[in-house]
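Once you've looked at the hints, dock chains B and C against the given chain A.
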Amino acid sequence: MRVLFPNTLDEAYGMLAAEPLTPVAGGTDLLAHWPGNHDARKRAYMDLSGVSGLRFIHWGDEALTLGGLTTYSDVIRDSRVAEEFPLLADAGTQVGSIQIQTRGTWAGNIANGSPAADGVPVLMGYDAVVVLGSEEGDQEIPLSDFYLGYKEMRLQAHQLIRAIRLPRHEYGFQRFVKVGGRNSQAITKIGVALTCAGGRWRVVVNSMAPTVRRCPALEALLDAARPVSGPEDLLTAIREDLAPIDDIRSTATYREKALARVLYFDLKGVCTSFA
Amino acid sequence: MEHDAREDTVRVEFTLNGKVVVVYAQPSDRLLDTLRYGLELPGTKEGCGEGECGACTVLLDGMPANSCLVPTYQVRGRTVETVESLSSEDVAPLMRTGATQCGACTPGVVMTATWIRRHPEVLEAHSVRALMAGNLCRCTGYDGIVEGVEALVVRESDG
Amino acid sequence: MLGGNESVERREGISKLLGRELYIDDEPMGGCLWGATVRSPSPRGLIREVRFGPEVNWEEFVVVDHRDIPGENHVWLIESDQPVLAADSVRHVHEPVVLLAHRSREMVHKAVRSVEVIVDPSPPILDFRIPPGADGIQHGTDNVFSHIVINKGDVEAALAEAPVVVEGTYETGAQEHVYLENQGMVAWIDGDVVVVKGSLQCPFYVHAALTHGLGREEDKVRVIQAPTGGGFGGKEEYPSMLALHAALLALEAGAPVKMIYDRSEDMAVTTKRHPAWIRHRTGVDPDGRLLAQEVEVVFDGGAYVTLSPVVLSRGLIHAGGPYSCDNVRIDGRAVLTNSVPFGAFRGFGAPQTIFAVERQMDKIADELGIDPVELRRMNLIREGQSTATGQIIRDGADRLEVLDRALELSAYREKQKEHARFNAANEDRRRGIGLSTYFHGAGFTGGGEVHLSSVAKVEARPDGRIVVLTSNIEMGQGTLTIFTQIVSGLLGLEPDDVLIADADTFRVPNSGPTVASRTVMVVGRLIERACADLVAKLGDSDLRGPDLKQAIVDWHRKHPRGVLDGVARYEPPPGISWDEDSYRGDAYGAFAWAACVAEVEVDLRTLATRVLDVVAVQEVGKVLNELLASGQIQGGVVQAIGWALMEECVWSDGVMVNNQLTNYMIPTSDDVPPVRVEFLEAPYAHGAGGAKGIGELPLDGPAPALAAAIGVATGTHPRAIPVTPERLMELYDGA
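Those protein sequence lines, which keep their order, are chains A, B and C.
For the first sequence, position 138 matches number 137 in numbering that gives the first Met the number 0, and the numbering has no gaps at all.
For the second sequence, position 56 matches number 55 in numbering that gives the first Met the number 0, and the numbering has no gaps at all.
For the third sequence, position 578 matches number 577 in numbering that gives the first Met the number 0, and the numbering has no gaps at all.
Treat the hints as calculated values from the structure; they're not laboratory data.
A portion of the hints provided could be inaccurate.
Said to hold, decoys possible - The list that follows gives simulated cross-link-like pairs (lysine to aspartate or glutamate, EDC-like), each with its CA atoms no further than 16 Å apart: (1) A:267 <-> C:600; (2) A:41 <-> C:105; (3) C:416 <-> C:553; (4) C:109 <-> A:83; (5) A:267 <-> C:427; (6) C:557 <-> C:426; (7) A:41 <-> B:7.
As the list claims (entries may be wrong) - Residues of chain C clear of chain A, computed beta-carbon distances all greater than 10 Å: (8) 105; (9) 109; (10) 166; (11) 192; (12) 408; (13) 505; (14) 649.
Just so it is clear, CB atoms sit at the ideal spot from N, CA and C, and this is done for glycine as well.
The following block holds chain A by itself, in its conformation from the complex:
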């Protein structure tokens, strides 16, 4: 096993251009079950922890930008983020224990590509844009277009998630609900981020499809204020948008029904179309 240690972004880009490397940020995904993971030791890695200028929270007039090494803790402890993008703090505290929050990064959560990623739904719900850096310059991809399939994404070998940009909108409604096997630090069975800005809804769900994804049918139903008189009225749209499976953590049926109920009860007092 080999690790490269860039000190600057340019060095990192150069290394990535030269050979296939797996970038390491907080290590929380990479090192789980590490001793038995013999295959992972055959790969080469690039440690990002020494790269300066990757860990920041920047406020612009139009957008909030998180650095490629910005951790959950960084965001949770920032009172301004908590005010304007409260779902980031919600998801950040629910992603795992304090020990994970201090190490795990938002960019790492995106790049790991897990369908159960807890950081991704809220970012997508806020219309986040992924800023991919490389020797060829920056490329920006809306997070909602980033995933192609299970653990497949529009991140090329020579690119690095340099930053995550969230446009600053006025949100009329925003909520993140995580359903896990227990109250704290569980892998998500169902997660949903709901935002509404300027009458346009975002419904982003994790753990119910090969990727975290937006739900166009549900969003259309909400945008059009179609009447909903009970959770079952949401099932058709849920089935159109998502493809939950039975696995060791839950069942497809449970996931569909519980999502419908969460959406129904949580939106009932919010959407006049919900009876």
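Here is chains B and C on its own, set in the frame of chain A:
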């Protein structure tokens, strides 16, 4: 047997329990193993190897981290504190509330508790129960731990 | 000077809090090899071939298989059916076949993947509830490991005459111990002695397994317990297997061998709580008085007998609950499946059967339209009444007071009214409260303690300090502290004047295994008697405190190199009688009695249950150390909450596939409320200081109380645990 010639060791200089130390780590080394087997500080325990149980919690630059998920090379130039840095006096309140039974989760519990003691402001937004959720304990039912952390914080604020 | 009632601080507490306690993987072992296990990929079949891959230089490895076993190829326990290493056939996935050792921990685990065990498969038995076909028989004629029947009165007649008969079927799932320290063992050769040291509950079980498996004399095998990071029964029988493996490798290598499981291996290959299927038919009169209890119990034993017969036995003895009923028939079987063997787990069969009888009591209350509290109050055993085995209870404990204190402390009635208001005001949340009453017999069942014939010893050192010698170990439950307290309290010494000898079979007598809630009650009592024996040898049985110390010092001056000790061997309490054949009589020296009230809130969106409050009230004879005793109850209750609500082993081919802590979830601090504990005391004359055993009791009651509360909240009748959100959604949507 097989030896990967490209597998260079990494010089890692860091501050461990107040002293500067240098280790030459394999790129594949976890901080947990470096502490336990390299530096002979076995106080930090392995419970699950996947960042779930918190038995391996250390303070990295003052913040709790699972040392099973930290590559040793990432602590270059940083500060690591383990349970070995503490004194009987530091943990006395935890003793009185029954925070330890079998002791296997205890070093991790103590390190998270130490972080809370130093940062009581985190209790404004989060309960002790929420903050300690990353330290699984199978013996105490958590009451002894929660009361112990509360006692630590109270003692600290009393000066 | 300490009085007998003063609590001693946990003796190894500071050492644990500062991370100084050296568990087996913490000990520096210069020059040791690391051992690893090659396991069966198949649940059942004949081993055709074991293939060693060419990519590994096997010369570098120590390799052991069944042919290298010097003694008998089975793990000594109740029956001789479980091989140390599979020879010709396998009965479960992960059955050990070959052992490897190497200087590099990484290399040895990598090499395991290069050994292929090729099995000609036979159809496995994977569902213990379905009787096997002819091609599935692997044990006796019917795959039944043990069949026990308890009979009292005439159940058939009473059921036939009963005005109301209520039937119910109940199921409980497997539970993983999740001791925080994984299993680990080191073996080395010291002259002509094989030494093993590791994480274990029962030094003499391991010792017996090694003498049998290695074919060695008793004095050529030495077992030392290392500090043990939790056991809960999980380190009762399995360490014998691991010790044999480490010892075989050490013998082959001629060097120390360390075997430390990681969490995934530990969860996949070690024992779990027995899954159970239990059917009740209960005859009652319209007021709810129990007229007849017919109970059928089936436990999944897994692939080998291990401890299943005794787990079943305890389960059956508790299956009628703490109630008086004149006509009882309890018929139970532990059966084979091609699963990893199930084994000892805190409660030892009783949590399963008590879950069933308590849910059945709620069902009876429901069908009769009477209050579940009053139903229990009416039927709880009164002084002079008897249990299912005919054991007459006359212990001075007030079982009704236990119930009433639990109701009072939990504000049960007020909460019912509060919940009605809450449920009317909230559309997506429901609250409920539930109750259970239960009991737990401490010590070995029936004639078990007589058979064990435990011996405890104390020695007085020349400096006046007392050394306690037993084979009962500390695993978090407080043995070191409570033994210290028993001796210091009795002899008027300071805690520091009492030393507890390491549980080393070369040093301590066999005082039995550290199981069955017996440590304080049975062994503690032996220590008291051993102390009395020692003091009597000084010629004045009233010697205490500094006078005693001085007398000891003087004795040693007069007897240089002399040994001044006190010894006690177990004697059954007078009047105890048990008939193993008919399963009649005094199953235990004493029962502890308890009631649990649980309050929950169910989120109707997700059907997830949040525990709002738990109250556990128990009569335990005498509380010797409040902090330790409360800690036992609180920890046990939370373990039971996990079993009831979230801990689910997901099985495939008889093996747990969610064998990680991310996927097998135990409660965190944020999943449970404070556990409110109250003790009542009716001292037991034959337990140390009047104490009865309490270690397992807290596992018995919370699950049915929680299921009851969930049922009340959601209008369902959960009859199977864990009551996961998925399972509850099915119930709720079907209701």
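Status of each hint after checking the structure:
1. A:267 <-> C:600: 21 Å, violated
2. A:41 <-> C:105: 14 Å, holds
3. C:416 <-> C:553: Between residue 416 (chain C) and residue 553 (chain C) the Cα gap is close to 69 Å, so the pair fails against 16 Å, i.e. violated.
4. C:109 <-> A:83: 50 Å, violated
5. A:267 <-> C:427: 11 Å, holds
6. C:557 <-> C:426: 82 Å, violated
7. A:41 <-> B:7: Holds: residue 41 (chain A) and residue 7 (chain B) sit about 14 Å apart, inside 16 Å.
8. 105: Check fails; 7 Å does not lie beyond 10 Å.
9. 109: Incorrect as stated: the minimum Cβ-Cβ distance to chain A is 5 Å, not above 10 Å.
10. 166: 29 Å, holds
11. 192: 32 Å, holds
12. 408: Given a closest Cβ separation of 24 Å, the condition holds.
13. 505: 34 Å, holds
14. 649: 5 Å, violated
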